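Residues per chain are reported as follows:
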Amino acid sequence: MIKRRLTNSEQPKGRSLWQDGLKRLGRRKLAMVCFAVIVLYFLLAGFIYFAELIDWQVGPIRWQEEVGGAYEGPSSQNKFGTDIFGQSVLRKTLYGAKISITVALCASFISIVIGVPLGTIAGYYRGVVDEIIVWVYSTLSSIPYILLILAFAVVLRDKTLFGFKLTGITSVYLAIGLTSWVGLCRLIRGEVIKHKEREYVLAAKSYGCSGARIIFRHLLPNVFHLIIIDFSLRFVAFIHAEVILSFLGLGEATRPSWGVMINDARIELSRGVWWQMVAATAAIFFISLALNIFGDALRDAIDPRLRKAA
Amino acid sequence: MTTYIIRRLLYTIPIVLGVLLLTFVLFTVVGGDVSIEIAGKNATPETIEEIREEYGLNKPLFLSWDSQFINHFKSALTFDFGRARDRELVVDKIKRGVWPSLALTVPMFFGVLIISVSLALVVAFVRGSAWDVFAVVVCVAGMSIPYLSFILLGQYFFAYKLGLFPIFFSPDLSMAEYVALPVLIGIVTGLGANVRFYRTVMLDEIRSDYVRTAFAKGLDARRVLFKHVLKNAMIPIITRVVLAIPFLFLGSLLLERFFGIPGLGYLMIEAIGSRDYFVINAMTYISAILFVIFNVITDICYGLVDPRISFD
Amino acid sequence: MSENSLALSIQGLGVSFFTEDGIARAVQDVSFSVKKGETFALVGESGCGKSVTALSIMRLIPQPPGKIVSGDIVFDNRSLLELSEKRMRGIRGNKIAMIFQEPMTSLNPVYTVGNQIVEAIRLHQKKSENQAWADAVDMLRKVGISEPEQRVNEYPHQMSGGMRQRVMIAMAVSCQPQLLIADEPTTALDVTIQAQILDLLDDLQKQNGMSILLITHDLAIVAERADNVAVMYASRIVEIAESKQLFQEPLHPYTKGLLKSLPRLGLGREVKRLQTISGTVPDPLHFPAGCKFHPRCSVGCSDKRCQGIEPELREVGNGRHVACWYAQGYETEEEIKEYESKYGKK
Amino acid sequence: MNGRGGAFKFFLFLLLAIMAGCDSSSPGDDSNEMILYANLPTKIRGLDTGDIGDVYSAMIAGQFFECLYQYDYLKRPYEVIPHVAEGMPQISKDGLTYIIKIKKGVYFADDKCFLGGKGRELKSSDFVFAWKRIANIKYFSKNWWVFDGKIVGLDEFREYSKNCKSAADVDYSREVEGLQTPDDYTLVIRLKKAWPQIVYLLAHQPTAPIAKEAVVYYGKDIVNHPVGTGPFKLKVWHRGSYIEMVRNPNYREEFYPSKGEPGDAEGGYLDDVGKRIPMVDRLFFVLIEEDQPRWLQFLRGKIDAASIPKDNYGQAIDVSRDLTPEMKKLNIHLKTFKNPDTFWIGFNMEDDVLGKNKALRKAISYAIDREKYIKVFWNNRDDIAYGFIPPVMKAYNPEISKLGIGYDLEKARHLLKEAETIHGGKLPTLTFSMGGADTLARQIGQFYQRSFKDLGLDIEVAYMDWPTFQDKVKTKSVQMFSLGWVADYPDTESFLQLFYSKNVSPGTNNFNYSNPEFDELYERVAVMPDSPQRTELYRKAELMVIEDCPAAFINHRVAYILHHDWCMNYKPHIFQYGLAKYRRIDMKKRAAYKELLKKVK
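Chains as they are written, first to last, in the numbering used here: chain A, 1058 to 1367; chain B, 384 to 695; chain C, 6 to 351; chain D, 13 to 613.
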């Protein structure tokens, strides 16, 4: 039989998991719209940070400014109406993006920083280390999540930790971060155990790779997509957690956040002041919806197997 | 089977110890001193000192037989949580709060379960169709609205504006009357995530080979769904259901708060507001114990539903 | 061939899957017929569309995304595709039964095997519960399960793979179907058990006089068991022949390749190096133009006609059908043009 | 579909079972019964009268426990009259010995702690026991301040109790020289120094007598079992939701007061003169902590009276401070009254920045637009506080708006410059602590932050929960804080002691204010009986504090209470608790309210 090289176009493409997944994702219009929405929110939050840094007095930064009388309804001048002090609800809503995204980002960061290394170490080294890590997260996960967050938030609030005063959102994202790494850790551990037995890891071992090298060069890249997917879906939960903590008086107090705005609206509703509530709810709704849909799409695109875990 | 249960229970011991350690660290080591709050507005330093003594706050934290840590253990293992800030026994508070909480959460739970499993079956059956897409979108949209907004709007429209339901707990109402609206709101908020979850479960099952076999036999869709799929789907459903039961006892923080239902959720909110670590500690510990126990029950339930699992 | 001698006849079947990534034409223009009482084998590599063809007969294509886009399936003088869903249910498991590749997962894990057989019996036959259970035990005995009285109450996970496949067969033949579709019935089993299962199918065929549509990728099985063979490649049938003829004189380069890759025992001491077909089966989303086999074909790979125009399955005499320009004897482009003028451009 | 139907039935069954299991039988079926539904705006701590430390606990406990004295229900200004005492005390000339006779025939309510379950007669020794119990340090009463340093021998008793192992080891039979009981109906109190406020405190809830039997029988659980001599008995106390009380059948003959102040007859307060009290058979205190539900429950007639939430003020009260037509159609009545309280921003005088810088403190005080504050947060209801003595007090200085500190931004800016000079540079960011993180607290915090920003001063607001806040205040670890004080009795001394240097944190002087001149004045005035001269000295002391400025006084609350017209004899009273015994309910009117509500809508 004559051996023949196949031309490039004919060859089934050896695309990586990522390329493949992202390409598939790119074809989903809805997912891309959602992605754009998410990027928009992040840009907004980043912009507010930036503007504050250089003290650029754009609208959202000047949320404290009185732009009208107290509790003025939406008008052409103040599109979303005003609050009790005559501050613009629109500006507060925009500014709230910074708080919510900061909370969710920091909490995600903490949970990744704790969950991924612990999960990898437990899964790779097994033995006593594994038992201890499993024990820790089993303990944490045996306490209902909401109780655990509340317990952490109550206890951490107004404490000083390593010279840092834990006020407002700091204690919020610490509480969320310190309690939410469990799921990620469990996921990573399971995946690492699976991959550990795969040929490529065994091969790496056989030519004398160190444990650290195997973890960083081989294992982590192969579980990385899980972290991203987990992140996108968890982000939503964190934004919602901020609302509940704010309602319980454990959240941000000095700056407008969506949770605080909804909480304030509780009383305002009875005088028919609905705009603050609607603005904050809508702000949360759109980013949650976008993250939910995008997260699902990402998961389907990159790792359809995970659908089971949902 | 008995040996299995015993062995399974033995596994829970380290977890319970872990929970005890965690609550101790949280509420005693990090949480700190509560004596001043107990002493009240006209307190003298000596009263505060006496309170510290009474509550054992001046004992060493760890290294002693009479340390706070050992006492924390003892009290937790004997379910003696002492007295709350208002000098009522914490246990009494919890006992009293359980019923109203259950009256709220049990109907809510079954409502969500029945509606979402039924919907999920239907949606899974018409998978891929416009109805399916619509259902998923509605679910995701429902999940994206903050819980608090749901409650606020629900209470505002149905109780305040339309006056269809009582606004708040009142002693002259029957329990059915005052839990009606919160249960309704609870069910609506719970549907999104649950329908989506059960749909995924059903889809996983519907894609299975045995379903194809069942269809190949000539069974109709209803029989396949209700006889074959549902029983297999029971396994993930049971996990979710049984593990949700401990949460029923906790009540619902926000709903109880908004509707004045004197359950454990409300108790918890108040404990948070007044930093009543005695109550928070007891609630955390009890719910963890319940959770661990129900974990064991889940495993036993697997055995009942899934013939592949044996306890030997 | 009289119509009445046919158990099943498929004409121009086309099945497509409408996925996000595009339309996958899993089955295109497939036509063949199965005679009563014969074993007809459908052979091909995995992903070539043979299982989809089988599922189309049962009308069990997952829909959406799958859809039968063209063709007709005639069974018992009736078009299956035109039947109502209710009538079709009366045929499934009753007139046409099917057994699947994976005996591990094809049985419902949470019901006893007896329960699952009884369900099939009672669905199509008016029998009492007790009678059905007795039948189930009989069926199990017939498929060679020892101690069927006990086994009937066991769960699938308590049985070995071979036994489960016997249970599947028992379930399938419990209503004496006219046609049994066996979709890779032995692939997942040990070699020793494979033969037992196939023997069992042979026995049952003799007893009931049913036709068997045997779907497999294993030519060795085909050689022994099948009366007629259709070879499928990339959604199309490329060759149909009597089993013996095919093995003696394969016409399509793909069939030739397949046969060359078979280990031949008993041809003297000389052990030939097994040959494989280079390249891989094309992705149904990205079929090559022209003859789908041409990129892997040793004959027509550089031939412009093979690259440009897809050959149709045509009779080449001797009752043999093949879809290959070379095998059909169209040697030059002029001839193909002439062919096109006759039959129209593809 | 069987599976679903079965599950649904199971669900229904469970629902019914649970509801049957805990459904409290709906009260009020007996139409002759007179039932009062009152609101309890916050959870109460406990009903052990010796440990009651807040207004609402006192409000409840007042229905069960009776003190020696009480305030006249109708007369204004507030006047102390005997309650379980036979008459006003006989006071020795030096003002140090009080002889008090106790009424005969006052019985404790029936309770199982008594022999045979029958309540026994009240004896003078019950007072002595109750007060020694407050002195007992192992009991941790919040109310030791009442007797601290006042009664001969009681402080020694407290010292003695320190050495006991536990509360149970304290021997209550131990003699206290200043508390003698010559017979069961006579109580002799000997004081260390003159204490003219004593009659007010003998009308103050924590000094009510308690039966030793109850304390012994219930132990620590006494908080759940109020056994007193009062007109009502506790039936159900569902801590999370309501308190139900019923009339005490053993209650002695007490009658509705016959005299009031001018206008009482027109106000309908004299309709029931001479009638035996209590008139109400059953009382519900329904716990509703949040404004909105409370307000709506009131409008629906579920509770008989309620205050107006700030966000519904416009719905209830029109610009002329009268009820809106909507309220009038519902036959709702308005009662307004001034509270004996003052709210302020306190300065920690031990703070490095604030303590040494009077100009800064004054600048802050001048920078607060109290009028706007009251307008934004309290619907313009409250009075501006220029000093700390509230307008209801006799010692209230009518000239105070000129003498005290009000809003004057120019002056404040001027003072701030001075303050910067004193500080020697730019002032650091100050921290203002608030004991709450709810919406109102946050908005108030924001208000102040803006006010001080206008002044040119940066402050950071720290919101914390109440316990943390209290902890910080008591340990002197705050800079500026928001607090207030409600007088327990109608004597300005109650406010003066807040600035006495011996009461610094963790005592009531949270400002940690210390001025020897003021201390000297306080010590002098505290032992003086009421006289115009004392009033003058009170005013002098107030001005002294205003000058030193340990706090920026903001407002005195004015309460706006609405009640339905079926709730009769609803006269507001700011010092007396346990007023339900005077109330009468027109059950017919209440029953008709539903129809009225429909008609109005």
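Incorrect hints may have been included.
Computed list of lysine to any residue pairs in SDA-like fashion (alpha-carbon distance at most 20 Å, straight line) [to be verified]: (1) A:Lys-1216 - D:Leu-342; (2) B:Lys-544 - D:Phe-267; (3) B:Lys-610 - C:Pro-114; (4) D:Lys-113 - D:Leu-127; (5) D:Lys-613 - B:Phe-541; (6) D:Lys-150 - B:Asn-441; (7) D:Lys-387 - A:Lys-1086; (8) D:Lys-150 - B:Arg-466; (9) D:Lys-247 - B:Phe-541; (10) C:Lys-72 - B:Val-594; (11) D:Lys-177 - B:Phe-541; (12) A:Lys-1222 - D:Lys-610; (13) D:Lys-224 - D:Gln-192; (14) D:Lys-406 - D:Lys-232; (15) A:Lys-1086 - B:Val-521; (16) A:Lys-1222 - D:Lys-465; (17) D:Lys-610 - B:Phe-541; (18) D:Lys-414 - D:His-426; (19) B:Lys-544 - D:Asp-196; (20) D:Lys-232 - B:Glu-437; (21) D:Lys-406 - D:Ala-538; (22) D:Lys-606 - B:Glu-471; (23) D:Lys-368 - D:Thr-433; (24) B:Lys-544 - A:Glu-1325; (25) D:Lys-613 - D:Lys-368; (26) A:Lys-1222 - D:Lys-232; (27) C:Lys-91 - B:Val-474; (28) D:Lys-232 - B:Phe-541; (29) D:Lys-232 - B:Ala-576; (30) C:Lys-40 - C:Val-79; (31) D:Lys-465 - A:Gln-1121; (32) D:Lys-322 - A:Gly-1130; (33) D:Lys-177 - B:Gly-465; (34) D:Lys-232 - B:Ile-477; (35) B:Lys-478 - A:Gln-1121; (36) D:Lys-174 - B:Leu-556; (37) D:Lys-150 - B:Ile-477; (38) D:Lys-116 - D:Asp-196.
Keep in mind that the hints were calculated from the coordinates and are not lab data.
These figures come from a predicted structure and were not determined experimentally.
Of all the hints numbered above, which does this structure not satisfy? Sort the numbers upward.
1, 2, 4, 7, 9, 11, 12, 14, 16, 19, 22, 25, 26, 27, 28, 29, 35, 36 and 37
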